[in-house]
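Protein chains in written order, with our numbering: chain Z, 1 to 112; chain E, 1 to 112; chain S, 1 to 112; chain H, 1 to 112.
It should be emphasised that the hints constitute simulated quantities derived from the structure, not laboratory data. Among the clues, some could well be false.
In this list, chains with the same sequence are indistinguishable; a pair is considered to hold if it fits within one copy or across any two.
To be verified - Here are the simulated DSBU-like cross-link-like pairs (lysine-lysine), alpha carbons at most 30 Å apart as the crow flies: (1) LYS65 with LYS47; (2) LYS67 with LYS47; (3) LYS40 with LYS104; (4) LYS65 with LYS5; (5) LYS5 with LYS63; (6) LYS65 with LYS40.
There are 4 protein chains.
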Amino acid sequence: MVGEKEREKAAFEAGIKLGALFHQFIGTPVSFENVEILEKAMESCVKLQPFVADVKVKINREKLKEKLSSFNYTSLTGEMLEAWVKVEVEGEAVSAHLRWDEEKRYPLMSLE
Amino acid sequence: MVGEKEREKAAFEAGIKLGALFHQFIGTPVSFENVEILEKAMESCVKLQPFVADVKVKINREKLKEKLSSFNYTSLTGEMLEAWVKVEVEGEAVSAHLRWDEEKRYPLMSLE
Amino acid sequence: MVGEKEREKAAFEAGIKLGALFHQFIGTPVSFENVEILEKAMESCVKLQPFVADVKVKINREKLKEKLSSFNYTSLTGEMLEAWVKVEVEGEAVSAHLRWDEEKRYPLMSLE
Amino acid sequence: MVGEKEREKAAFEAGIKLGALFHQFIGTPVSFENVEILEKAMESCVKLQPFVADVKVKINREKLKEKLSSFNYTSLTGEMLEAWVKVEVEGEAVSAHLRWDEEKRYPLMSLE
Numbered sequence: 001m002v003g004e005k006e007r008e009k010a011a012f013e014a015g016i017k018l019g020a021l022f023h024q025f026i027g028t029p030v031s032f033e034n035v036e037i038l039e040k041a042m043e044s045c046v047k048l049q050p051f052v053a054d055v056k057v058k059i060n061r062e063k064l065k066e067k068l069s070s071f072n073y074t075s076l077t078g079e080m081l082e083a084w085v086k087v088e089v090e091g092e093a094v095s096a097h098l099r100w101d102e103e104k105r106y107p108l109m110s111l112e
Numbered sequence: 001m002v003g004e005k006e007r008e009k010a011a012f013e014a015g016i017k018l019g020a021l022f023h024q025f026i027g028t029p030v031s032f033e034n035v036e037i038l039e040k041a042m043e044s045c046v047k048l049q050p051f052v053a054d055v056k057v058k059i060n061r062e063k064l065k066e067k068l069s070s071f072n073y074t075s076l077t078g079e080m081l082e083a084w085v086k087v088e089v090e091g092e093a094v095s096a097h098l099r100w101d102e103e104k105r106y107p108l109m110s111l112e
Numbered sequence: 001m002v003g004e005k006e007r008e009k010a011a012f013e014a015g016i017k018l019g020a021l022f023h024q025f026i027g028t029p030v031s032f033e034n035v036e037i038l039e040k041a042m043e044s045c046v047k048l049q050p051f052v053a054d055v056k057v058k059i060n061r062e063k064l065k066e067k068l069s070s071f072n073y074t075s076l077t078g079e080m081l082e083a084w085v086k087v088e089v090e091g092e093a094v095s096a097h098l099r100w101d102e103e104k105r106y107p108l109m110s111l112e
Numbered sequence: 001m002v003g004e005k006e007r008e009k010a011a012f013e014a015g016i017k018l019g020a021l022f023h024q025f026i027g028t029p030v031s032f033e034n035v036e037i038l039e040k041a042m043e044s045c046v047k048l049q050p051f052v053a054d055v056k057v058k059i060n061r062e063k064l065k066e067k068l069s070s071f072n073y074t075s076l077t078g079e080m081l082e083a084w085v086k087v088e089v090e091g092e093a094v095s096a097h098l099r100w101d102e103e104k105r106y107p108l109m110s111l112e
């Protein structure tokens, strides 16, 4: 089928990006003071990678607030991380989403 | 096409696993003393993840030897890491491979 | 004062080890199936580093159980990680401890 | 001796910061496009941590250029990372430095 191999490859590449993003940055010190620069830095890292057409990273401010330590920052966790990535391989585009699933208690990554 | 969506999802999941493996463990202290336990631990982490049917992680001993510091260990880098993962989604299996591409100077991840 | 420089250096080295341990491994997939191999691998990584005389890593099984996702594993977080490291610099020994402080909601690292 | 305990604690805290910085960010995708935002993000993460008075992170552009893959970016390694941190504990200040030691082939961290 036309484009099938390309779509599989695009899906593979989208998975790489979300797996990489999560495991590179989980644990990073984060607070209200650096949350924006951290989001931008994370996006900048994804954009460098092959086949990436677009990316958005969002750290949930409510979850961040809940998690702050008495030192007024915390370590980035899956609960507060959301990301969207669009990947294109030879004209075939695939979008994927990382979000915390409260019921599964899991940072769910899915194709859209 | 039958199984197409499942193959795309399997490819996506395979990408997640390799991206996660690389970015979680790059930088880990490694020497000839702990290289086996590190490979096993890395495999154990991939096996926990959804849809994984099989995984193999190999740290290249020649590259490791070349990279050893005067303290007799080094940090794990892409040059010395190789991995294979097989993922199954509703009967559709996809295999993927991470290896250092010397010409591209890049830890290439590909579907097989 | 005799040994003062050595004690400062030992304290510095102990700090390096705990900071490294935390930030290398937070985010790692962990369940009851791989918790022991992960503890051993983490210890093996610390042992490679200069001046380390002893190290113990413990992942809290109760906290692990509480955090399991519906996929039966989770990502390693500060809440479940405890570690002890002993460092020696020219005869001066320093011990340090990483543990979750529930009140501060923080992975506290301290000299002992 | 006056201030000795504080200096030991400051040395310990300085060690934590450099160990954390290295192991959190090694592996991060970096190129000439995002090297500045990455440096700023890394500094912002260190600044959040207790007792930090000052921090500077520098990614070596020459080393970065040498390491670029055919995709025009690379993963951050110890060869290209340099950092300075100043920590203060109850009036006692300690400065520490992370730099690549070419002879030892090692990311050396030292008190200054």
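Here's how the hints hold up against the structure:
Taking identical chains as interchangeable, the C-alpha atoms of LYS65 and LYS47 lie at most 30 Å apart whether they share a chain (28 Å) or sit on different chains (18 Å). Taking the shortest alpha-carbon separations for LYS67 and LYS47, both the intra-copy value of 28 Å and the inter-copy value of 18 Å come in at or below 30 Å. In this assembly of identical chains, the alpha carbons of LYS40 and LYS104 lie at most 30 Å apart whether taken from the same copy (28 Å) or from different copies (27 Å). In this homomeric assembly, LYS65 and LYS5 never come within 30 Å of each other (Cα to Cα): the closest approach is 43 Å inside a single copy and 34 Å across copies.
Proximity of LYS5 to LYS63 under the C-alpha cut-off of 30 Å is found in neither arrangement, the shortest distances being 39 Å within a copy and 33 Å between copies. In the homo-oligomer, the alpha carbons of LYS65 and LYS40 lie at most 30 Å apart both inside one protomer (19 Å) and across protomers (22 Å), since each shortest distance falls under that limit.
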